[in-house]
Amino acid sequence: MSRELVAEVEAASPTRKGPLLEVRDLVKHFPIKGGLLQLPVAWVKAVDGVSFDIQRGETLGLVGESGSGKSTVARTILRLIPPTSGEVLLEGKSVFKASANEMKKIRRDMQIIFQDPYGSLNPRMPVGEIIAEGLVVHGIGSPKEREAAVNRLLEIVGLRGQHRGRFPHEFSGGQRQRIGIARALALTPNLVIADEPVSALDVSIQSQVLNLLSDLQKEFNLTYLFVAHNMAVVEQVSDRIAVMYLGKIVEVGPAEELVRNPKHPYTQALISAVPVPDPAYRRERTVLKGDIPSPINPPSGCHFRTRCPIATERCAVEEPLLRPVGKDQIAACHYA
Amino acid sequence: MSEPTVSELDSLPVPEVRALAEGGEAKVAGSAWKLAAYVFVENRLAVAGLGVVVFMFLFCFVGPLLYHTDQINTDITQFTLPPSPAHPLGTDNVGYDVLGRLMVGGQTSLEIGVIAALLATTFGVLWGAIAGFVGGWLDQVMMRIVDSMLAIPTLFLLLVLAAMFVPSLPMLIFIVALVAWLVPARLIRGETLSLRTREYVDAVRVMGGGDVRIVLRHIIPNTIGTIMVNATFQVADAILTIAALSFLGLGVPPPATNWGGMLSNGVSYTFAGYWWLIYPAGLAIVITVVAFNLIGDAMRDAFEVRLQRR
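Protein chains in written order, with our numbering: chain R, 1 to 336; chain D, 1001 to 1310.
One or more of the hints may lead you astray.
What the hints assert, rightly or not - Chain D side only, calculated, beta carbon under 7 Å to chain R, not exhaustive:
hint	residue
1	Val1206
2	Gly1208
3	His1218
To be verified - Output of the computed footprint for chain R on chain D, the stretches with three or more beta carbons under 8 Å from beta carbons of chain R:
hint	segment
4	1071-1084
5	1221-1229
Please keep in mind that the hints were generated in silico from the structure rather than gathered at the bench. Where is the CB? At the ideal position from N, CA and C, for every residue including glycine.
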């Protein structure tokens, strides 16, 4: 390693204090174009001012129902879609302000695991090439070394090195998801964003993949942003959980605490919807009325008030801000 | 940011053997190509078509090595002779041996067909892939160019071009390709629009891979079925186009010829009963074009089956 590189490594990684990922006031509005000139006539407020930190080695679960903007958050952090405003810092470095060259370096440090194990692997490429592509892009290793790395990665995710010449359609959904994980690990990232990594899999396969993810986290000191709509899954893997509703975070807290003692009525409803494997168990269910409102024209004040069981007039006028509601727990509700 | 190296990966411990057992075996199905080849071979007509095409190539390119005739100097004393042992398909109005001429003319037809199809497909695929991938105003401009060229009647365009340029073999190839690339461009643009939003394209972006890599390694390979099927039809179309041009007197200059030129030449003698000036060339065109179409159809089926089994 060159001297500059050593200096850079020392300046960057373990000695640096503070969170690995900082998301500040992230906003993503999608234009709805209309009319003759195809000008924006309205905006879909998919993500509307989201902030959170992820510490090194931590798993932050991001939950919310379909349309809450959680996948948009994941994709915007990775700059797969351009942000409207806000800031994302990885190891203190701005992701959005990075030049093309800087961005290529940053990309090595954050990778993604996709939801769909079918659509996320190129059907025309042998899995060995799929996994090695990141190494090729960054010019890491000779072809021989890359082959060895692919064998290693396939074994790490529980497949066999000999499988590298096979094509994605020769594997099952769970196996494909393992290939996707191997691809994400190839660049030895610090941050892995898992966008609903198990929701397309059979329940029996889900726990295998979740176990693999947590084994990998321990082995490689990975930091996860784990996006999912299933509270039970998120609870199992997360150290902390952030709950999203209609483009905003409504509650954040340590996983155990948030599940045992949710403060926001939306979180309460989500948790009461998790099935409990005990037929004799009876509990109070908070059933929400209706669907999530349109993010084009969200309700005034508190976005959740239209479906909230305890909403009052104040909620329509005054938007509740995130405030401490317990030890390390914050919620955006006037009555939490 | 640490510098990841391959040796670093080597030293990483495999977490647990448990994961290995859970991963399980992969099905053995072979590559997509093998699957497609399997389906293709099942189709008897397509195999027959392939046989015909192989035969035609051997006939035109190997045939003259075995069956020697003078295709340069005319022999006016030997004109329009009916088929005989010396001339199995007779001679034409200037004394060329028709069987030998069929071989030489076939060389031109097949050369133009294959090269024009390759050119048109390559250019059309790149044009369509770039327009579809980049999108926005570039897509608009590129596709309006395609639309305006499609709006001109093909035969009219061919006549104008052939009249503007001196007909030579490279020029004819260029002219045929010029009208043929529009269809693959449209087809591939459409496919690219849907392929560019696939998650495996996002995965390449997240790795830091560039647009060139995405288009060449991920988008175009996934349109290969469309490309191959279209290219096959392109060969058949090009053979027909060049035949039509020659029929109108805009083919390759003599003494070279092609099947269309032979046909055009023979038509003047329809009522004289010189059938050997018309049928051999006409049948060669029809059989070759049908064979290429059969292959194209079977390839379409083969590639679709692959998708169904996905």
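Three residues minimum, CB to CB under 8 Å: does the segment 1221-1229 of chain D make the cut for coverage by chain R? Let me know.
holds (count 3)
The hint names His1218 of chain D as touching chain R; please verify it with the least Cβ-Cβ distance against 7 Å.
With a minimum Cβ separation of about 5 Å from chain R (threshold 7 Å), the hint on His1218 of chain D holds.
Hint check, Gly1208 of chain D versus chain R [nearest Cβ-Cβ separation less than 7 Å]:
For Gly1208 of chain D, the interface hint holds, since the closest Cβ of chain R sits about 4 Å away, which is under 7 Å.
Interface restraint verdict for Val1206 of chain D against chain R (beta-carbon cut-off 7 Å):
holds (5 Å)
Can you confirm whether chain R covers the segment 1071-1084 of chain D, using C-beta to C-beta distances below 8 Å and requiring at least three such residues?
violated (count 0)
Violation of the numbered hints given earlier is confined to hint 4; every other hint is satisfied by the structure.
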